[in-house]
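Going line by line, the protein sequences match chains A and B. Residue numbers 103 to 348, in our numbering, belong to the letters of the first sequence in order. Residue numbers 19 to 131, in our numbering, belong to the letters of the second sequence in order.
No wet-lab data here; the hints were simulated from the structure. Ideal placement from N, C-alpha and C gives every residue a C-beta, glycine not left out. Among the hints, a few may not be true.
[What the hints assert, rightly or not] Output of the computed footprint for chain B on chain A, the stretches with three or more beta carbons under 8 Å from beta carbons of chain B:
#	stretch
1	116-130
2	150-158
3	242-249
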Amino acid sequence: MAEELVLDTAIRDWVLIPLSVVMVLIGVLRHFVAKLMRSNQTLDAKIVKEGQVIVRARNLRAGANFIPLKSFRARKVYYNNEENGLLHVPKGQAQNPQAQMFSDPNMAMDMMKKNLSMIIPQTLTFAWVNFFFSGFVTAKIPFPLTQRFRSMLQNGIDLSTVDVSYVSSRSWYFLNLFGLRGLFSLILGEENATDDTQRMMQMGGFGFDPSKSLSAEKDGLDIVQHEWALPKFEKRAENVLRKLVG
Amino acid sequence: MAVGRDEKKVTDDLEIFSADNLQSNMKIIYYSRTFLSIISGVIAGILGLTGLTGFIFYFLVMAITSVGLMAKANFSVHAYFTSWNQIIVDGFLSGLMSFVLFWTFAYDIVHIF
Numbered sequence: 103m104a105e106e107l108v109l110d111t112a113i114r115d116w117v118l119i120p121l122s123v124v125m126v127l128i129g130v131l132r133h134f135v136a137k138l139m140r141s142n143q144t145l146d147a148k149i150v151k152e153g154q155v156i157v158r159a160r161n162l163r164a165g166a167n168f169i170p171l172k173s174f175r176a177r178k179v180y181y182n183n184e185e186n187g188l189l190h191v192p193k194g195q196a197q198n199p200q201a202q203m204f205s206d207p208n209m210a211m212d213m214m215k216k217n218l219s220m221i222i223p224q225t226l227t228f229a230w231v232n233f234f235f236s237g238f239v240t241a242k243i244p245f246p247l248t249q250r251f252r253s254m255l256q257n258g259i260d261l262s263t264v265d266v267s268y269v270s271s272r273s274w275y276f277l278n279l280f281g282l283r284g285l286f287s288l289i290l291g292e293e294n295a296t297d298d299t300q301r302m303m304q305m306g307g308f309g310f311d312p313s314k315s316l317s318a319e320k321d322g323l324d325i326v327q328h329e330w331a332l333p334k335f336e337k338r339a340e341n342v343l344r345k346l347v348g
Numbered sequence: 019m020a021v022g023r024d025e026k027k028v029t030d031d032l033e034i035f036s037a038d039n040l041q042s043n044m045k046i047i048y049y050s051r052t053f054l055s056i057i058s059g060v061i062a063g064i065l066g067l068t069g070l071t072g073f074i075f076y077f078l079v080m081a082i083t084s085v086g087l088m089a090k091a092n093f094s095v096h097a098y099f100t101s102w103n104q105i106i107v108d109g110f111l112s113g114l115m116s117f118v119l120f121w122t123f124a125y126d127i128v129h130i131f
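Just need the whole structure built from these sequences, with the hints factored in.
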């Protein structure tokens, strides 16, 4: 590095550390606020029933090889037959998910709450960082980068002569935003509310159609190749026992 | 960093395993990798590693983690996971982001001011 910048220690004490700590605390706060606002909605009995049927069919599919062929067939017919099988959905009865959404205001409300709990803190922290800490170098990445990263890392500084590895406070905010995800999953547990990418995925799959998953499960059950596993297990058990004895 | 129970057994052509246990094993791998990437980031920062040495340090730590996880699984990986990739590759990139962040953080606090 040609020229080393000398940074004021006050920047460390009053910008770098507070900013990081605040980011962590806001993540924790957001997690608990989201937990608090999650309304325990009463579920429709029909939807619960369909979900349970799907779970049962899935279990059957997973455990197909542990029951004799005859039993498997009987269960398959129970789920799949075209007249009154549990997984059979009569045509035209499939509910339009859009209509379902509007008929249930709770659902839309829930989605809005989730979105708000994500957007509001982010906007606020960004505004806070912008207002107090804009326009100076806060940190330095310990590895060299090419010029292309300048716009990413020195967001808010308009100097082209500063080495690219110096990071502005606004960019430090973004680095924190992405890098702290791992820490959050450690301290907040599995289903923390800060995982934005997963949120997006959920939004994409929003308004899922139960009848669709019913028929998908039906198709899955149809193509299962049954092969009873237990006869082989006797041999396996014999081998294990022989090894133990011998 | 305890590896979950052994419930998965491989027979000749049929795979029998408990999905829950597999998932819990995966989760444990993910946690230990994240934890170690954060810790190694802080260590690298305090030691003042820069440039390539830091990344080599990360690779080294991850390799040691892989070996440690394998040792925990008694080197019979197929009893706990479906493939070798899960124990070696998974959680590598997501840990890198945390590593870089904490590396930078510790390095800045200790060295540049």
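Requested in this report: Please flag the earlier hints that this structure goes against, numbers listed from lowest up.
Outcome: Violated hint: only 2; rest satisfied.
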